[in-house]
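Engineer: Let chain A serve as the given structure and place chain B on it in line with the hints.
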Amino acid sequence: MDRNEIFERLNGVFRDVFDDSSITVGEDTTAADIDGWDSLMHITLISAVEDEFGVSFNMRDVVKMKNVGDMADLIENEA
Amino acid sequence: MNPALQWPFDAQLILKKRRSLRRELLADGTPRLHKRVAVLGGSTTHDVTATLELFLLDAGIEPEFYESEFGLYYEDAMFGEELETFRPEIVYIHTSLRNIPVFPVPGDSEEAVEEKLRAVYGRFEAMWRRLGERFAAPIIQNNFEMPFYRLLGNRDAWDHRGRVSFVTRLNELFARYARSHTGFYLNDINYLSADYGLSRWSDPLYWHMYKYCLCLDAVPALAYNVANIVKSVYGKKKKALVLDLDNTLWGGVVGDDGVEGIEIGHETSMGQVYSEFQRYVKELAGYGVMLNVDSKNDEANAWAGLQHPEGTLRPEDFIVLKANWEPKDLNFQEIARELNILPESMVFVDDNPAERAIVTGQLPDVAAPALDAPEHYIAAIDKNGYFEVTELSGDDLTRNDMYKANLQRAALEKSFASYTDYLLSLDMRAKIGPFEPVYIPRIAQLTNKSNQFNLTTRRYTESEMRAVAADPQYLTLYGKLTDRFGDNGVITVVLGRLAGETVEIELWLMSCRVLKRNMEHAMLDALAESARRAGAHTLRGYYYKTAKNAMVRDFYRDFGFTLVSRNGEDTVWELDITDYAAKNHVIRLED
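Residue numbers (our numbering), protein chains in the order written: chain A, 25 to 103; chain B, 59 to 649.
Hints are computed from structural coordinates only; laboratory data are not their basis.
Treat the numbers as computed from the prediction; the structure is a model and nothing was measured.
Where a beta carbon is used, it is the ideal one built from N, C-alpha and C, also for glycine.
Incorrect hints may appear among the rest.
What the hints assert, rightly or not - Distance condition first, Cα-Cα at most 20 Å in a straight line; then the derived SDA-like pairs of lysine to any residue: (1) Lys-269(B) x Asn-82(A); (2) Lys-441(B) x Tyr-338(B); (3) Lys-75(B) x Thr-48(A); (4) Lys-269(B) x Ser-80(A); (5) Lys-269(B) x His-66(A); (6) Lys-75(B) x Trp-61(A); (7) Lys-269(B) x Val-87(A); (8) Lys-269(B) x Met-65(A); (9) Lys-75(B) x Ile-47(A); (10) Lys-75(B) x Gly-36(A); (11) Lys-269(B) x Asp-85(A).
As the list claims (entries may be wrong) - Covered stretches of chain A, going by a simulated chain B footprint (3 or more residues, C-beta under 8 Å): (12) 39-49; (13) 68-76.
Claimed, not checked - Short derived list, chain A residues pointing at chain B, Cβ under 8 Å: (14) Leu-64; (15) Met-83; (16) Val-86.
The following block holds chain A by itself, in its conformation from the complex (with noise of 0.2 Å):
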């Protein structure tokens, strides 16, 4: 799976949870550009990429990310 593609699967979670089809995420991306993501909606999110990815993230990589950018590499060392 290329950056490319996890980055156009990841857009289809953001805007299925944020029910906002007009969201565009990139490598900067934080909660801090997108309405509504604060920390409840965060674990909506995790566990929705987890499920698109077919992945299970561990405690430390969740507290570690800082962006969109780090979510990617995760789910690039993962799969």
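Structural biologist: Below, chain B without anything else, positioned relative to chain A:
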């Protein structure tokens, strides 16, 4: 009904798409019951509340939520002022193993453990009692899931110091409270977590990362279970099963294979599976679920199949038996009509996906669980929670008999010259009087279940009903009806509020199984009598139109009331009772 929210649902899909699901549900134009629900959590409740909202919206209930601040369930229940202002109609206490403050330690004597048990339990009981004093709201309380580790291994289950033993004993104390208090319901997360898989349910990541006491994926299952209790409290549970026969209640086609050829009984493993399913269906009937048949068969074959010597279900276990070649949706509607209940309160059980599609295509609000292999039939019905029991009255236990007696009455009706002759022949006896404590659960249940013969459609919980019964401003009347075919139980309720010389009739409802028996005449006589005794001269009745109560639109007019005002389709009526003459001449009153 939204397909994404029916069991077996895709939990991840619900969590991921909950915003758009919510948007679609709110936009679908369904009229919904508005309810204020307080969620008091001992852990994070965000997604619990969000998914609970979806399941309730799908069931015709629009919740407004109050969520306590993180972990402050106890403080809120005992003292919360904001909760006071919110005036909850349902309180859900979402606690878990993580909220047990002390456990036994190695040096503890049996007495020391007993002491700890009392301390942990006592705090919960004090909270329930306090909530009961503050609000007339049903309480839904989680019991505890089992610990996810066992310090003593298997010994943990029986040694007094074992945590498994400690939690099991706590759960029994919770259950004991539930047995002795009405309006208190356990949300059995001990069962749910076992069913889901305790190790996955208790994944510590979710607690340490997010302060969830269960894994996120299990949240919809939890919320669904809570929603079932709420639905049942407000009368939105199912009442009847409509069953196919061939390959549903037995293996094979009785018309082709003959009675000897169908699979039922302990001769073969397939036969055993169908037997277990028949037993399950019969056990449901024991708790008041009404059984009916909707089968494409010649009637003689259907009867023969149901009389198979190895079968558990017998023709007499069913109320309406439709075995013919009509389309199944027509039979289905006809069954609803004969039972006098709404089609959506019946569940269609058929192994054939095409038949299910026909029925749900014509009747979109009807539930028809997907049945794949017969060994999964029981789970397909059971896990849906269609028949979640929150109140269990004597009526529930004898309902099948009562409905059968009704059909015998219908047969008798045909042989009389006049309707009055027929009514007299029924030898009807009624007991009418002010509410008695023993009937309050049934009375509250009726206010939540009756939709058609219901003038104002006000819903009451048991606790609210108790409060009304104790209020001297209220004239309360219940009616029980017995006839030569059996006891119908409590089937009608009238509530009047005394306002000077007028009695405002706030509630008048009757179960549809006693329609056209003149019971309402007897009730009006009793109401007029008790109103006069209270010094009133006028009865004022209200009709509030709903989607389902058109049958009583002209109720007050038919009784000689005068229309005094109108607001759209809602009407207000008055009757002067100074010269009231009794209307009932066919029912004998018992003291």
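Engineer: Determine which of the earlier numbered hints do not hold for this structure and return their numbers in increasing order.
Structural biologist: none
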